[in-house]
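These are the residues of each chain, in order.
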Amino acid sequence: MNLLLQIWRSSLGKKYIMALSGAGLFLFVIGHLVGNLQFFLEPAAINRYGHFLKSTPEVLWPARLGLLALIGLHIVSALRLTAENKAARPEQYQAKVAPKDASLASRTMAMSGAIIASFIVYHLLHFTVQTPQVNFTGTDFDQLYEPNSGGADIYAMIVCGFSVWYVSLFYLISIGLLCTHLGHGVAAMFQSLGLRNHTWAPRIATGARVAAILIFLGYASIPVSVLLGRGKEYAKRIQSGVSPDKAGSAIKAAKGVEK
Amino acid sequence: MKVTLKVWRQKDRNSPGELKSYQSPELSPNMSFLEMLDVVNEHLANQGEDPIAFDHDCREGICGTCSLVIDGKPHGPHKGIATCQTYMRSFKDGDEIVVEPFRAKPFPLIKDLVVDRKAFDRIQHAGGFISVRTGAAPDANAIPVPKENADLAMDAAQCIGCGACVAACKNASAMLFVSAKVSHLGLMPQGQPERYRRVKAMVNQMDAEGFGSCTVTGSCEAVCPKEISIDFIARMNRDYLVAILKGDPKAVRGGGAG
Amino acid sequence: MATLKSNIPSGPLSEKWEHHKFSSKLINPANKRKYKVIVVGAGLAGSSASATLAELGYEVHNFVFHDSPRRAHSVAAQGGINAAKNYQNDGDSVHRLFYDTIKGGDYRAREANVHRLAEVSVNIIDQCAAQGVPFAREYGGLLDNRSFGGAQVSRTFYARGQTGQQLLLGAYSALCRMIGNGGVKSYTHSEMLDLVVVDGHAKGIVVRDLQTGEITRHAADAVVLATGGYGNVFNLSTYARGSNATAILRAYRRGACFGNPCYTQIHPTCIPVSGDYQSKLTLMSESLRNDGRIWVPKKKEDCRKNPADIAEGDRDYYLERMYSAFGNLAPRDIASRAAKYVCDEGRGVGETGLGVYLDFGDSIKRLGEDKVRERYGNLFAMYHEITNEDAYKTPMRIYPAVHYTMGGLWVDYNLMSNLPGLFVLGEANFSDHGANRLGASALMQGLSDGYFVLPSTIATYLATVKPGARPSADSAAFTAAEKEVRAGIAAMVGSKGTRTPASFHKELGRIMWEHCGMARNKAGLEKGIARIAALREEYGKNLRVPGQENGWNQSIEQAGRVGDFIELGDLMCRDALMREESCGGHFREEYQYTAADSEVQQGLVNPGDVKRRDDEFAFVAAWEYAGAGKAPVLNKEPLVYEEVKMSTRSYK
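First to last, the sequence lines map onto chains A, B and C.
Going by my numbering, the first sequence wraps up at 259, each residue one higher than the last.
Going by my numbering, the second sequence wraps up at 517, each residue one higher than the last.
Going by my numbering, the third sequence wraps up at 1169, each residue one higher than the last.
Treat the hints as calculated values from the structure; they're not laboratory data.
Please note that the accuracy of each hint is not assured.
For lysine-lysine, the following DSS-like pairs were computed, each having C-alpha atoms within a straight-line distance of at most 25 Å [said to hold, decoys possible]:
1. B:Lys279 <-> A:Lys96
2. B:Lys429 <-> A:Lys86
3. A:Lys96 <-> B:Lys265
4. B:Lys429 <-> A:Lys96
5. A:Lys96 <-> B:Lys351
6. B:Lys406 <-> C:Lys888
7. C:Lys551 <-> C:Lys983
8. A:Lys86 <-> B:Lys364
9. C:Lys910 <-> B:Lys338
10. A:Lys86 <-> B:Lys377
11. C:Lys702 <-> C:Lys882
12. B:Lys270 <-> C:Lys1162
Examples of chain C residues lying across from chain B (beta carbon under 8 Å, computed) [to be verified]:
13. Arg588
14. Gly608
15. Ser610
16. Ile642
17. Ala646
18. Ala691
19. Ile696
20. Gly697
21. Gly699
22. Gly700
23. Tyr704
24. Gly885
25. Tyr909
26. Gly1014
27. Thr1017
Beta carbons: idealized from backbone N, C-alpha and C, even for Gly.
Using the sequences and the hints, build the whole thing.
Printed below as a string of structure tokens:
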């Protein structure tokens, strides 16, 4: 306990927490992307993936709680560090000059972090909790069912959700911020954990940037392809073809799938 | 040439301060920035005004006494030098130059542009040394030091303790300073016995002084008059992590000697 | 008259120090902590002494006027530190280092002190390496050496061009350790303004807190001054702007004798003066002379030409010509004076005509620019920053500048002044360098005094003091001293003159450089004394110190220091006038070799070299304060050479 308290109390300790939780979240972002990219296969692929996740709560919930804990640690230590950092300079400089040689990403980590956090909340409401009020399509995503299996149609939900241009735009901006956050954060993680020296420093910095760009392209490809028309027909079919209300609830009740 | 100075004037810690404008007398581009301030101060003194207080001593970039944030950058516009090595030829006739003190909570202001940097000393007192009594040393060549290590240690040891890293960091973090000290001693074989004890003590004191933490922006490295690399911060982070994981040493049971 | 007992131990020279240590009194550990020692200054000597005394168990209080002990000007020494390690197997030994230092000092140093310095030099390197000083290493991991001005062996240890910094940080780290564990109490931003003498013994100091202006009294069983040299008497020098002589001058006023004040070292490789606003002359490390060749045009009319346009045959490599054995590595006083001669002949270069070339063209051809950059890159960068010239392309311009003072408070073999209980270390004392100091010897002396000599010799005095018997800081002598200090400050702040301290300092510097600089003569010195007297009078009447007594006021600091410099300038001129000979850095134009001298005919020296007069001036001049407005009294300590024969110093 004493050790944990020591870690929490020291500035470096909190940086380790930031770095390790950040590393976990980074891995999640990659895993999540790999899952999402199944969107480019036939609709059944990503639906199967979604059904698999939802039907194994003993895997899903520990993962969700773990992620929540990582986010919690990441945010709490960030807030604490930011407060300490602010307190360390009570009086600001009058000359308006950008901090020397510091990248924009590195200077705006707290801001990009805060926006990403709000995005995550929206994203969860949008696609996980499926609150109808936030998707601006008039459709309850909860009511989209795959015709063959009768399970939730994730593919259609994605198409539907991203077909609203301003939702996609917000998504793109947020992913963009996430990737700037990662571009600096991943390199900083190596720095914070001391896994970096003059030989590896430039490689790590480039690697982090390349990873951030690939992640951005990966995530961005989905809403962009939707706006360009991918899956439009299919989603229309799902939206209109199936009589939503009764059939949906009947199947759901039968399968006992929880939301 | 002539310049307009906007200088932070503050009588003491408890009085409010403000930027005041001063028109310089005729200057030579070959003057150092501090010589320019000397000339302005002579001018002020001759007019019966209180001269601008600023810190300086060796005026050759090695003592670390001079400070100043010039147009938003600690130690002025150039890389790898201190304020005292900044020359007026770096400015143009008619320029307006804003001169402010180093700003950080652990560096309380004394007067005008002078701040108190004793926090650095206290960090050093906590562990910035190798415990060797005078007279107890083995022959200097008894312990070979790989040249690469000695060179790298020297890169870190060059730190002049001026505090520009703190002044430039948006978090007023002292990590570059502390890591330079920790790395210098930690790279030398002579520094190994106390390596982890040292890093722990110094980082804890750094925290106690109220410096911010590192968000790896690299500003410190960019303004450091000795161009000390933030690679040393990574090295310190690693050492501290190991130190924390090792935990506190086991208590030694007391016992008299006969 | 003061009593000057050098207390040099008897016995053969090489055994004196060992024998002295053995026969000195010891103080038992329980008693050591009852003794309080004040150390003023935290350069190499001050911080090493403070740390070591505290390690031994004494209660140490350290005072510096800087914001941190790490700022002392020892930090600026570039080249290196000598030690007779003979790691290079090039024939070095303790005896050779001793001999070189004695000869380099032109036979005006105390033999026993210098031998001790050479002996201790080897321990210093061990100590510093153990502290983690990152000395330059060879690939095998062992220490590297280089040769340095005035030596034919490679005995100089170095840490790039920042040896002084690294050694100081080593000593500072030792001090930090003792501050951290309570052995030393550190007072920063605290300037000593008076020495308190009780019954003839130094027992404390009066200090001004520079942040608050508060004046405090501090009592101790012994006072150690390690406050550095007084070259800033010249205003323009390679010293830090803050370097001052206030502590030693005020001790002098309290009865400590001042030894050989006229011995100043003019360093040959500094960047020439560029204008009246100048506050500081920057030294380019002497190590540059290892690879740079010094020259001026043979013909006056070439002086304004671009150096690249001057043919090889039209260049005068005057040091190589005049001193073939040492060439560009001739000792500092010789190299400086030679530069002055060629400039006086009208062959100087640069805008002012006061400069000579230091040319790396040949070295760049021989070694390649990369190698030169690796060796001297930081110095070339510094030169570029200051002059806006690229020394890889065009030769550097250099000129001599005041760099070090060999004189200082008189001390005996134990480093104790004629005032019992007052010890003086490092550049602040007069002892080891005679009339000229060799390169890389200042660091050696500072650390030798602080780490090894004082900690051993201070016991000789403390053993005579009853533990716990020190006077209280409230006793009469202390309150009287404080009153004087306060009155002095009040008078300065109250004076409503028109001239700032800086303007007095500039004028004093001009007088000193003109009359008591690289070449001195009777008439000039007399004139200098008269001009200083006039300046002093004006200082008394026409000083203007803006601001208030309390709080941070740099004008008060400056005014006090300039007042002390004026007094010291007078003393230097008097000493130079009295010393009717030339030796080392003290060059009296009346006493120089001419073509008629047999030494010149034998080829030992050049015409114009310094000519000593051993029969009359083989003594230390220890000046004693006689009261305000009175001429100081001269005391003489004869220099007795047991081992070395005083001979003509030849570098040909």
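Need the list of violated hint numbers for this structure, in ascending order.
11, 12, 14, 15, 21, 22, 23, 24, 25 and 26
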